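Novice: If you're matching them up, the sequences are chains A and B in order. Per this note's numbering, the first sequence runs over residues 1 to 296. Per this note's numbering, the second sequence runs over residues 1 to 296.
Worth flagging that the hints you see were computed from the coordinates, not collected in a lab. Hints are not guaranteed to be accurate.
Copies of the same chain look alike in the list, so a pair counts if it works inside one copy or between any two.
[As the list claims (entries may be wrong)] Calculated cross-link-like contacts (lysine-lysine; reagent style DSBU-like; alpha-carbon spacing at most 30 Å):
id, residue 1, residue 2
1, K105, K247
2, K241, K105
3, K47, K293
Quantities reported herein were computed from a predicted structural model and do not represent experimental measurements.
Number of protein chains: 2
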Amino acid sequence: MPPRLGEAFERVQSDIDSAFDAFLPVPDDSRARLVEAMRYAAIGAGKRMRPLLLVATSELFGVNRNAAINAGCAVEAIHAYSLIHDDLPCMDDDAMRHGKPSVHKAFDDATAVLAGDCLHALAFDILTQLDTSADPFVRSELVATLARASGHDGMAGGQMMDIVSQEENYDLRQITRLQQLKTGALLAASVEMGAVLGRVPPEGRAHLRAYARDIGLAFQIADDLLDVEGDEAKAGKALRKDEEQGKQTFVTLMGVEQARAQATMLVEQAGRHLSSYGEDARLLVELADFVVKRDH
Amino acid sequence: MPPRLGEAFERVQSDIDSAFDAFLPVPDDSRARLVEAMRYAAIGAGKRMRPLLLVATSELFGVNRNAAINAGCAVEAIHAYSLIHDDLPCMDDDAMRHGKPSVHKAFDDATAVLAGDCLHALAFDILTQLDTSADPFVRSELVATLARASGHDGMAGGQMMDIVSQEENYDLRQITRLQQLKTGALLAASVEMGAVLGRVPPEGRAHLRAYARDIGLAFQIADDLLDVEGDEAKAGKALRKDEEQGKQTFVTLMGVEQARAQATMLVEQAGRHLSSYGEDARLLVELADFVVKRDH
Chain A
1 MPPRLGEAFE
11 RVQSDIDSAF
21 DAFLPVPDDS
31 RARLVEAMRY
41 AAIGAGKRMR
51 PLLLVATSEL
61 FGVNRNAAIN
71 AGCAVEAIHA
81 YSLIHDDLPC
91 MDDDAMRHGK
101 PSVHKAFDDA
111 TAVLAGDCLH
121 ALAFDILTQL
131 DTSADPFVRS
141 ELVATLARAS
151 GHDGMAGGQM
161 MDIVSQEENY
171 DLRQITRLQQ
181 LKTGALLAAS
191 VEMGAVLGRV
201 PPEGRAHLRA
211 YARDIGLAFQ
221 IADDLLDVEG
231 DEAKAGKALR
241 KDEEQGKQTF
251 VTLMGVEQAR
261 AQATMLVEQA
271 GRHLSSYGED
281 ARLLVELADF
291 VVKRDH
Chain B
1 MPPRLGEAFE
11 RVQSDIDSAF
21 DAFLPVPDDS
31 RARLVEAMRY
41 AAIGAGKRMR
51 PLLLVATSEL
61 FGVNRNAAIN
71 AGCAVEAIHA
81 YSLIHDDLPC
91 MDDDAMRHGK
101 PSVHKAFDDA
111 TAVLAGDCLH
121 ALAFDILTQL
131 DTSADPFVRS
141 ELVATLARAS
151 GHDGMAGGQM
161 MDIVSQEENY
171 DLRQITRLQQ
181 LKTGALLAAS
191 VEMGAVLGRV
201 PPEGRAHLRA
211 YARDIGLAFQ
221 IADDLLDVEG
231 DEAKAGKALR
241 KDEEQGKQTF
251 VTLMGVEQAR
261 AQATMLVEQA
271 GRHLSSYGED
281 ARLLVELADF
291 VVKRDH
């Protein structure tokens, strides 16, 4: 990882942990268990790819870092809730996440359902607390972007398609659509929210949207490759699940070599979408590259 | 039920059904099952007590009915998601809801988790689409009110206390706190959101908040009484569960007679909080009365 990107990741990771810590004081009553579970899921875990995407985009437009971090914290709260629910026995039934027992294993199923629900609500709570003094429409647009990207027309809709895909044989077009929703929507929302904070009007966001779409697909192809070739210790979760479940992925449909070539092509294309921003967009370009080169 | 209240209920029920129908077209892909589950939970079910509270409050301040119905639809989406998740086998494990199989029985557990999550996101999506032309801060305040009332400091926090209460022996103070969160927070948010739409500043909402607090507690006492004395066919769900689970409730702690007297007292008190609104508040006063006299 280039030093500048490594530093940016570390700084965002530390800022997001601090933000969650401040948003989630443990109450002195029987809700303590619930808030402990939320903290367990939200603090000290994950790469914070989405917050970094949001912060790096917002930096192109000189956005106050504190506002960007809090908006990033909201996106990460949605991501964290979705992992808690996806790991449940009735969903993907995953016992490990980020190298430690998943929330329903460390606590119990009921607490996991509720902790997910509460992180979901927290995301929107955080967005309404954002200091966007100059423009009151910004908060509402951030809420709209995040709600749309996470609901049935976004992330959760993609998760439903993923569940159904185990019964049906999806082709490449369907897998692409599934992944654009399941992982792409929230990655794209991160970039979009950075632009919203930067007061970029919708018609000025075309290059950024094209960048986000390309890295979203590249991210998922890389994930499918990691599921086949990755190291479970580094991934911090069970791998080889796609094959076990007989699921169609970019790798089963394209083969390892073509999938890798496709991911590389997408990353190069993503970088070109940002050429008009010049050197300012270096972090976003490095981040696109990292998306396919990461080992977890 | 007084004719005016009966009419108001019917009109709100019909308007909320139409709103959900419009917000939830069934997509032509494998997300169809997910959206069908959302529609199954959200359309044609429930008394719509929360939307009616919101609409009746907003009418005190001459709010456009369409905006109030959509905001009520958002509150009801939160209520519907919470029932889906509460009914799950790992939570309260209820097979019936509103006189029909609960969502995880009619569909499956994974679809129920996702349908709940998607109704949750839909609530905030709806609020950002609201036409509140004159005042852009209104949408953000509605989102803040609803997110706060439904998360770990509100409804879901109360549900956690409810789960823990089966292991611990709560006293009346703890049961009151639990219920203020579990059911009271969302009922109070409904009244509050009506006032927000009516551009009532926070300092002008004291009477309305006192009314909401009183009917929230009266509602829960009435629920506990129904669990002991009610008719399962009318309730459309299993009753006598509190006793089976050995749970402390207002009724176990106060006895049937004192619980009934307390509920009646709260309703009278709720009505007095609205005296300054005179005849305009008749619907809200009748609604308070209905809260303890309902048979389901």
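Novice: Now tell me, hint by hint, if it's right for this structure.
Specialist: Hint-by-hint comparison with the structure:
1. In the homo-oligomer, the alpha carbons of K105 and K247 lie at most 30 Å apart both inside one protomer (25 Å) and across protomers (26 Å), since each shortest distance falls under that limit.
2. Taking CA atoms no more than 30 Å apart as the test, K241 paired with K105 passes in both settings, with 19 Å inside one copy and 27 Å between copies.
3. In this assembly of identical chains, K47 and K293 lie within 30 Å of each other by CA distance solely inside one copy; the values are 14 Å within and 54 Å between copies.
Checked against the numbered hints listed earlier, the structure breaks none of them; every hint is satisfied.
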